[in-house]
Amino acid sequence: MELQFNEGERAFREEVRAFLLDNIPERIRQAVYEERPLPRDWMIEAQQILNSAGYAVPHWPIEWGGRVWSPVKRAILAQEIDRNSVPKPLPFNVTLIGPIIAAFGTEDQKQRFLPGIANLDIWFCQGFSEPNAGSDLASLKMSAIREGDHYRVNGRKIWTTYAHEADWIFCLVRTSREERKQQGISFLLIDLETPGVEVSPIQSIDGFHHLNEVQFDDAIVPAENLVGEEGKGWDYARYLLGQERTSMGNVGFSRRRLERSRALAGEAAGERSETLLGDADFLRRQTWAEIRLKALEITQMRVVASAPVQGADPKTSILKTEGGELLQEAADLLLDTMGPEALTAGFPAGIGPEEFYGIDERSGILSAYFSSRKYSIFGGSNEIQRNILAGSVLRLGRKR
Amino acid sequence: MELQFNEGERAFREEVRAFLLDNIPERIRQAVYEERPLPRDWMIEAQQILNSAGYAVPHWPIEWGGRVWSPVKRAILAQEIDRNSVPKPLPFNVTLIGPIIAAFGTEDQKQRFLPGIANLDIWFCQGFSEPNAGSDLASLKMSAIREGDHYRVNGRKIWTTYAHEADWIFCLVRTSREERKQQGISFLLIDLETPGVEVSPIQSIDGFHHLNEVQFDDAIVPAENLVGEEGKGWDYARYLLGQERTSMGNVGFSRRRLERSRALAGEAAGERSETLLGDADFLRRQTWAEIRLKALEITQMRVVASAPVQGADPKTSILKTEGGELLQEAADLLLDTMGPEALTAGFPAGIGPEEFYGIDERSGILSAYFSSRKYSIFGGSNEIQRNILAGSVLRLGRKR
Amino acid sequence: MNFDLSEDQVLLAEMVGRMLGDHAANDRRDPGAEWRDCLGQGLIALPFAEDQGGLGGGHEEVMLMMEAIGRNLSQTPYLQSVLLAGRVLALAGRMELGDLLDGAQRHCLCLYEPGQRYRWATPATRAERCAEGWSITGAKVSVPDLDDTCALIVPAATAEGLVLFLLPPGISGVTLDIRPAPDGRTAANVNFASVIVPVDAAIGDPAGNEALLAEALDGAVLASCAESIGAMERLLDLTVEYCNIREQFGAVIGSFQALQHRAADMLIAIERARSITIYAASMMDAPAARRSVAVSAARALVNRSSRFVGQQAIQLHGGIGLASECAAGAYFQRLTVLETLLGDTEHHVAAVERSGGLLAA
Amino acid sequence: MNFDLSEDQVLLAEMVGRMLGDHAANDRRDPGAEWRDCLGQGLIALPFAEDQGGLGGGHEEVMLMMEAIGRNLSQTPYLQSVLLAGRVLALAGRMELGDLLDGAQRHCLCLYEPGQRYRWATPATRAERCAEGWSITGAKVSVPDLDDTCALIVPAATAEGLVLFLLPPGISGVTLDIRPAPDGRTAANVNFASVIVPVDAAIGDPAGNEALLAEALDGAVLASCAESIGAMERLLDLTVEYCNIREQFGAVIGSFQALQHRAADMLIAIERARSITIYAASMMDAPAARRSVAVSAARALVNRSSRFVGQQAIQLHGGIGLASECAAGAYFQRLTVLETLLGDTEHHVAAVERSGGLLAA
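Protein chains in written order, with the working numbering: chain G, 109 to 508; chain Z, 109 to 508; chain C, 169 to 529; chain F, 169 to 529.
Isolated chain G, as found in the complex (with noise of 0.2 Å):
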């Protein structure tokens, strides 16, 4: 056992640490702390500077532009940059699509992809889930016929984050059926400037416009805009789980957080004390999710530095409730920072971003309270994530 980091990794922490201060214009840190969302070309800004640093896709293979790092230091790479208020790259991009087309891409869609995916001149958004199918994915009705050279796209997806922003996304469609919904899946790129595409907002209960519907009607996409095989979607798919697990607990984003509610509940005035650090109930409050965050930390990394597992890890599944569960209870902390001024503070709804920022530095905070409940439920609900640690961990309910 080394319980520690050791020296390089103590000293690539520092490395990292000191690029990221002088490279990402504090502008940018400054909207992330404040979790403001970002324009698109701050987004661009920000992972072009990290990725001339080889801290884009670090996990990429070597000969696109991956670093033969290990996982402890990646880990340290992803909690350095949320922590330091560092936009992360984009997940769709560099953790998602990067990878599936690195492995089971063709040669020719490496070339024409890859660079532009690590570099954010491509933007990828997700197209799985469907308005009926969301934790029952593999139920996705969204068809693609072969028809010749192309694919005839039509269907449905939703809670498409950053579509709008988005040049292209990749979907997983169905492009036959079989008797398991898990089969006839398959993976598809798919220009969102394609005619028969048109994406429509959702606004969100925080106040904000991220998420969207992606109607394709009669949409013609290239049949080289497959990926892999046909009817091996879902594999593809579920390669992905458990491939980047170096910041599946989201540690540094949690640590910004309640190093900023600690910050805010200092200056705030206190029901019986001075300061709002200085009740008893809220330092208490502050004081266990401090301690939760340390044994996150630690089980982050005891996942990053064990070997993966074939198939479902279970530590995965702890570190995406525990992760998830600790950004709420850090965005509950920060709202109970602000007493009465949570009225006041800003909240975008029908007036648009831009008039908030610089009224009060705390605009984010609401937004991030209620935007915050989609951490228990994308990616695989809390409740989903328990039905696994009960059936495939604990094997509960299964005779032995």
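Treat the hints as calculated values from the structure; they're not laboratory data.
One or more hints might be untrue.
[To be verified] Here are the in silico distance ranges between beta carbons for each label pair: (1) 386(Z) with 316(F): 36 to 44 Å; (2) 149(G) with 183(C): 50 to 58 Å; (3) 500(Z) with 500(G): 28 to 36 Å; (4) 207(F) with 246(Z): 55 to 63 Å; (5) 149(G) with 328(C): 55 to 63 Å; (6) 219(C) with 199(Z): 49 to 57 Å.
[Stated by the list, open to error] Calculated Cβ distances over 10 Å to all of chain Z for the following chain F residues: (7) 264; (8) 293; (9) 376; (10) 412.
This one's a predicted model, so the numbers in the text were calculated from it and none came from an experiment.
No residue lacks a Cβ here, since even glycine has one placed at the ideal position from N, Cα and C.
Following the hints, position chains Z, C and F against chain G.
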């Protein structure tokens, strides 16, 4: 609406309180307060004092000792008994078998049993659960075969509280096999002196012996001990559900525990303040428990003051779970007042209760902590109650 | 004891429910129209004594009204203008109450100040006597439902004690910064720069104003509990409906036991909230200190229930719960605002603690 | 970073697990025999430096040992006599450690006092210099695993500071009140009435004794976390086994989703406990203040997990969980004792708070 006790109700409360404090011996009340198991004769002594004042069975028919008191008054009585550390009239006698015999028994049975049940001259215990019929009570297997003027009884009952103190047991038994397992069940009274009946102790994790297993091997029970009709036992048992709802929330008991935890915390050293009660975290938990108790007291009164509902009343499921959880939280708080002294305050396992009394007035707290787990298990576990709330009340999972 | 509604109360609840339900059924909510309907139906006059031109309704009637407001997510500023500002005018015996009751003027109470959380009794806003009467300087934050047509009631510290000032709309020196609140309503920060008012703008008696405000505030907090209960009940209904329709894995999700138990916990949380609110209602005629503790206990527990019910309603809805188009989100938002509107959880539990707890209550 | 066990550690874990497992399989537990086996296998010597006659094992090895103790519900007084008393002797460089290592003498540390909760650093027990050496008067409470064959280590306040006294068994003036503890072990309250000891009974340097005790205590708290983890893991295993056998309503109860999710929550709670304990282990060589905070954070979270896992294991067992014959209860009891043994939740969270939290850690 009339949200406060009226004058008559307040006067009744004072009258009850004065009677209890004047008539129940201090040694008994002290033992109840300290949560020590009472000797059998003390329990009988206390119930006979209550019965002399008409306080043991006010909810029974008037001809058998009942009173024409409103449900609100009966609830006041139950609360005062509990909060003043008076032993409750034995529930197996007064809220279970008494009302059953009064409602469904023969005239002979009533005359033979009811006065003794009220006065605890006859001590009944309850034979419902079986090793394989706990939450799924209708799966019970204990058989009673009619042979002329008697039944031949075979089987096993478990978790029978006080069977080792009791004179009689009332049992649900299977008198015939039917399609639906709720049918073919009958209600039988059995003298524990009957040959073939054997009571064996079950040691509890609280260090005491309250629970037993009762084994029946070819026990011969006179047919006149059948209550009501053969095959209707399930209906009679269900008749009890929600019959005596005046004390279901255990509010007097929880109040007594919370008064004690506040008092003990006021004496114990604190971690950050002079006393533990000054420690913000303990105080906050104590305060929340008191707020929940107040809500529960009102819920109890809302149930009491409302007309009985045909079938299952949702509020009784809420009372049951909330009441049990609050007793458990109060037990947690009591434990948490003890610090390191929890280790030597006294635990009766392997030594017998007597040696512990007098060593430390807190000797009952650890036992109470362990035994309080039963409140979410017995009498329909909290999981069963939540099934009822979701199914019968919210009608979840049932298409409308 | 008796928890049943009287016949009149049943009729009132039906009438209000129908009226606000009609507005809720409208795609485009119009708070102004709701307010006018409330005026028309005598609901603005409901809580005030008959000799002040009111209908003599008590806290129970107000709670029925507020539950309906919560259930229908009405945006009518009843809490602010009737139960807070109106109640202050009534308690102070001011004629201006008539303007509120006949619809000529809406009033708002400016309670909190920047950085002071819920400490309204010791304002930094100050007023000094001057030739014309008084000159007021300071700032208030987060005044709900305030627009530039409203008259303001502003507590300020003076050499004589706490004085409440009644300011007409549009008076010089007052600036409003009106912002959208997270519940689709608005709230305003208000600045007072040497605002000059005549002597008779001072309401009530400085020696009694803190008690007067406390009484109005306690009534409003109780009413806000009722609004939260109405909103939670409707939100649970919506959630159950959704769970009984939404299918995943070949079954309606309402058939999954984990979700069933969550919904049962929501039901339990709402019943707790209802019971503690009934308790507070029963204490409204008790001495002020006991009344305030009861109200704080209620709001604390209602807050706790609200957070649980709001968050879990979204969870049980899944993705759709995060979309504004789904009604659940709007209830969650309103419940969240109600948690912070008149004292948050920390504030109210601390008040119960300072009083020595509830066992003696 | 690397969380894998070394080959030697794997062997140690297997050996200890086998040995304690054999004892656990016995119907009649014999703590004396377990202690003798530990001696025989060199486990008593495990944590001590080689130049003191030990095997030079570190905290990681001790944790493996303690996990096995927890998993097998061993009643061997390892925590008390090796990790607390033995560690104190070792840190003070006392020869008497040899008596412990060769089995000639078992030692116990008397830490807490009546009514003082976990305040061991400022004892009311006092020692005065006298002709024969020292005279000690006072009382200690809740010394686990103490019997009348044990030598005692007793912290007492003196004019020179905190002095630790080493008392042989049976010394005049000491009375033991040995009581059954809730976990099937015993614990004793101890009274000291003018107990006379020679000068060389005083251990260590008064100026350094508080730090010395703190170091021993932190190591023991860390070890107790490992014992709790072992006990929780086994308790979850037992619970899952039971849920997969017990049938109700025509199905094994482990097939009910509400129980499945509860078990998942238990698993999560245990993983939390394990991770925070690894964190504390990683801080054992940090400066004392940071070490202590890490250990307190660990014990606090382990306590929280223990209470949840213990209570829910009983709940999932149902009625049988309340019977002593069912193994679950004994684990629940031991976990409960471990929650209060070396500082309860309130104590350890307060320690983390006083230090300013964990974000800087």
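Right, here's what the structure says about each hint:
Distance hint check for residue 386(Z) and residue 316(F): the Cβ-Cβ separation is about 39 Å, which falls inside the suggested range of 36 to 44 Å. Between residue 149(G) and residue 183(C), the C-beta spacing of about 56 Å keeps the proposed range 50 to 58 Å intact. Restraint check, residue 500(Z) to residue 500(G): a C-beta distance of roughly 33 Å satisfies the suggested window 28 to 36 Å. Here the CB-CB span from residue 207(F) to residue 246(Z) is close to 56 Å, well matched to the stated 55 to 63 Å.
A C-beta distance of roughly 59 Å is found between residue 149(G) and residue 328(C), which places it inside the suggested range of 55 to 63 Å. Checked against the hint of 49 to 57 Å, the C-beta distance between residue 219(C) and residue 199(Z) comes to roughly 54 Å, which is consistent with it. The non-interface label for residue 264(F) is consistent with chain Z: the shortest C-beta to C-beta separation is roughly 25 Å, beyond 10 Å. Every beta carbon of chain Z lies more than 10 Å from that of residue 293(F), the smallest distance being close to 15 Å; the non-interface claim holds.
No beta-carbon of chain Z is positioned within 10 Å of the beta-carbon of residue 376(F); the least distance is around 24 Å. The Cβ of residue 412(F) lies farther than 10 Å from every Cβ of chain Z, with a closest approach of about 15 Å, so its non-interface assignment holds.
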